[in-house]
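Chemist: Model the full assembly from the supplied sequences, consistent with the hints where possible.
Residue numbers (the numbering used here), protein chains in the order written: chain A, 272 to 570; chain B, 272 to 570.
Misleading hints may appear alongside valid ones.
[Claimed, not checked] Reference listing, derived: stretches of chain A covered by chain B, where coverage requires no fewer than 3 residues with Cβ under 8 Å from a Cβ of chain B: (1) 357-367; (2) 447-455; (3) 483-495.
It should be emphasised that the hints constitute simulated quantities derived from the structure, not laboratory data. Since we're looking at a predicted model, the values are computed, not measured. We put the beta carbon where it would ideally sit given N, CA and C, even for glycine.
Protein chains: 2
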Amino acid sequence: VTKIIDPSQVAEAFRAELRARVAAIETPLKLVGLLATDFGPSATYASYTEKACVDTGVAFELRRVQRLEMEREIEAVNQDPMAHGIMIYYPIFGVELDNYLKDQVSPQKDVEGLSSYWMKKLYRDERFIQDRSSKKAILPCTPLAIIKLLDAAGVTVASVNSATGPPLEGKTVTVFNRSEVVGRPLAAMLAHDGARVLSFDIGGPLVFSSQGMEETNLSRRAALEQSELVVTGVPDRNFALIQASEIRSDAVCINFSTIKNFDDAAREKARIFIPRVGPMTVTMALRNTIRLFENFHSR
Amino acid sequence: VTKIIDPSQVAEAFRAELRARVAAIETPLKLVGLLATDFGPSATYASYTEKACVDTGVAFELRRVQRLEMEREIEAVNQDPMAHGIMIYYPIFGVELDNYLKDQVSPQKDVEGLSSYWMKKLYRDERFIQDRSSKKAILPCTPLAIIKLLDAAGVTVASVNSATGPPLEGKTVTVFNRSEVVGRPLAAMLAHDGARVLSFDIGGPLVFSSQGMEETNLSRRAALEQSELVVTGVPDRNFALIQASEIRSDAVCINFSTIKNFDDAAREKARIFIPRVGPMTVTMALRNTIRLFENFHSR
Numbered sequence: 272v273t274k275i276i277d278p279s280q281v282a283e284a285f286r287a288e289l290r291a292r293v294a295a296i297e298t299p300l301k302l303v304g305l306l307a308t309d310f311g312p313s314a315t316y317a318s319y320t321e322k323a324c325v326d327t328g329v330a331f332e333l334r335r336v337q338r339l340e341m342e343r344e345i346e347a348v349n350q351d352p353m354a355h356g357i358m359i360y361y362p363i364f365g366v367e368l369d370n371y372l373k374d375q376v377s378p379q380k381d382v383e384g385l386s387s388y389w390m391k392k393l394y395r396d397e398r399f400i401q402d403r404s405s406k407k408a409i410l411p412c413t414p415l416a417i418i419k420l421l422d423a424a425g426v427t428v429a430s431v432n433s434a435t436g437p438p439l440e441g442k443t444v445t446v447f448n449r450s451e452v453v454g455r456p457l458a459a460m461l462a463h464d465g466a467r468v469l470s471f472d473i474g475g476p477l478v479f480s481s482q483g484m485e486e487t488n489l490s491r492r493a494a495l496e497q498s499e500l501v502v503t504g505v506p507d508r509n510f511a512l513i514q515a516s517e518i519r520s521d522a523v524c525i526n527f528s529t530i531k532n533f534d535d536a537a538r539e540k541a542r543i544f545i546p547r548v549g550p551m552t553v554t555m556a557l558r559n560t561i562r563l564f565e566n567f568h569s570r
Numbered sequence: 272v273t274k275i276i277d278p279s280q281v282a283e284a285f286r287a288e289l290r291a292r293v294a295a296i297e298t299p300l301k302l303v304g305l306l307a308t309d310f311g312p313s314a315t316y317a318s319y320t321e322k323a324c325v326d327t328g329v330a331f332e333l334r335r336v337q338r339l340e341m342e343r344e345i346e347a348v349n350q351d352p353m354a355h356g357i358m359i360y361y362p363i364f365g366v367e368l369d370n371y372l373k374d375q376v377s378p379q380k381d382v383e384g385l386s387s388y389w390m391k392k393l394y395r396d397e398r399f400i401q402d403r404s405s406k407k408a409i410l411p412c413t414p415l416a417i418i419k420l421l422d423a424a425g426v427t428v429a430s431v432n433s434a435t436g437p438p439l440e441g442k443t444v445t446v447f448n449r450s451e452v453v454g455r456p457l458a459a460m461l462a463h464d465g466a467r468v469l470s471f472d473i474g475g476p477l478v479f480s481s482q483g484m485e486e487t488n489l490s491r492r493a494a495l496e497q498s499e500l501v502v503t504g505v506p507d508r509n510f511a512l513i514q515a516s517e518i519r520s521d522a523v524c525i526n527f528s529t530i531k532n533f534d535d536a537a538r539e540k541a542r543i544f545i546p547r548v549g550p551m552t553v554t555m556a557l558r559n560t561i562r563l564f565e566n567f568h569s570r
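Modeler: The structure is reproduced here in structure tokens:
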């Protein structure tokens, strides 16, 4: 029988801790959400953010802006001393221009961790703001949410074994998706934690390890045969759903796409199945809001 | 009868000036090209760069690197005091990861002007490195090449009229392409020079002016009827070629795509036709190399 992990329950444990941290901060924390699109999932994600904010005691202000006003609005929030974090609901224009917008967010208010300042630190495995600083870097919300869900699934061995090696040493993970928002940062983070990551995307397969990225000609079949962990985020209905015959019976499977990437039999064969990530993603955005405040905005 | 402008001839005038400037610099200037792909146009573009370097007295070193070594190689050139500029031949991975690579180039060696440091200055119309600095900012090569070709075509009125207004005041331009590499920076640069720019792309039309970007529902037909300048860069063979009936008889037309975007009759109807931009693009990369040296590397 497959164990299903509900991300809302995992999120709740984090939120309890965040509530206590927010309560201990005298300054009223505020997160500003910028919503330019009427695209359904973005509006839903904004309402999830609002709930999570209410739940943890952070003020949330949702501003609906014209897409062409987005850049000006980001700059206004960057300059606003009462705002501690900015959340932007993508997609707005498309990959290229949205990428430009991501980089207009001040790293000090970038709760999504998607600006090049934080991404560069991530890919270089620089875990602190500076050498010898105790201030931790910001990691992008969705990859971080996935790692925390794997922790909750008991996959990582950090708690019992951190003295002997990195938490994912010896583990093989297959990740379907290599976007700069989730798949590639996630693969890099897993590799930094000791895993061997088999990364699939329309650009072909790559292997991520502590040695960096390498080319490979490994097939999907061979990759899945080796993987104790399978992470999917393919928003394409033409993607051939992962079948039960492809995965191991001890596999931990997690899907962060808004559509189904595993067929029902595969879900039932998996040892642990995590059907979605959303509630943890917004929780990580709040965790980042507090971290940014502690790093940059508190006296 | 249409006047055809050969970009090689325009480039030659610039190269004569660049040769003189290079000859006056004691330090041997060096540009490093990084080529990861066997994609035809990239290799061709690299050989054009080499010719332009030989022609102006700048040393050119072409390094063939595995795509996964690209990031490390960029960092090595960033750190190399003997190298004054980096030229990367895209596409390598795809829009998202290539965009990440663009941002790994030090702004002080970014002869293509595509790092977010320079792009941000461009979009804000900040023409100097700092307020009150006389050091000019770097502009991306292809948009700059197009502007210089329009100058050469006598379109801008900078030389006769700079006291009375911006050089493209009163002009309407249609641009087909809104990539972050050419179309959008070009539209912004033209608008900063006083033009009204009608920008078409799969994301729909937008208007760029001194007021910024605005939404519009202008049709292609209406846009072309109003435009004295038409710039195309559509690499898609499904693009409906621009017909003679669509353009004005006083139109200046310029195509920077590697494929045909105007049909033959349109080419013949245009007052001035500029069939390609390539030779000017590499010339602008050399101009940027010298500017970066003067701004950052000379004593």
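Chemist: Hint by hint, note whether the structure agrees.
Modeler: Results of checking the hints against the structure:
Here the stretch 357-367 of chain A counts 4 residues with a CB under 8 Å from a CB of chain B, which clears the bar of 3, and the coverage holds. Evaluation of the coverage hint for the stretch 447-455 of chain A: fulfilled, as 4 residues show C-beta separations to chain B shorter than 8 Å, against a requirement of three. Residue count for the stretch 483-495 of chain A with a Cβ under 8 Å from a Cβ of chain B: 4. That meets the three needed, and the coverage hint holds.
No hint from the list above goes unmet by this structure.
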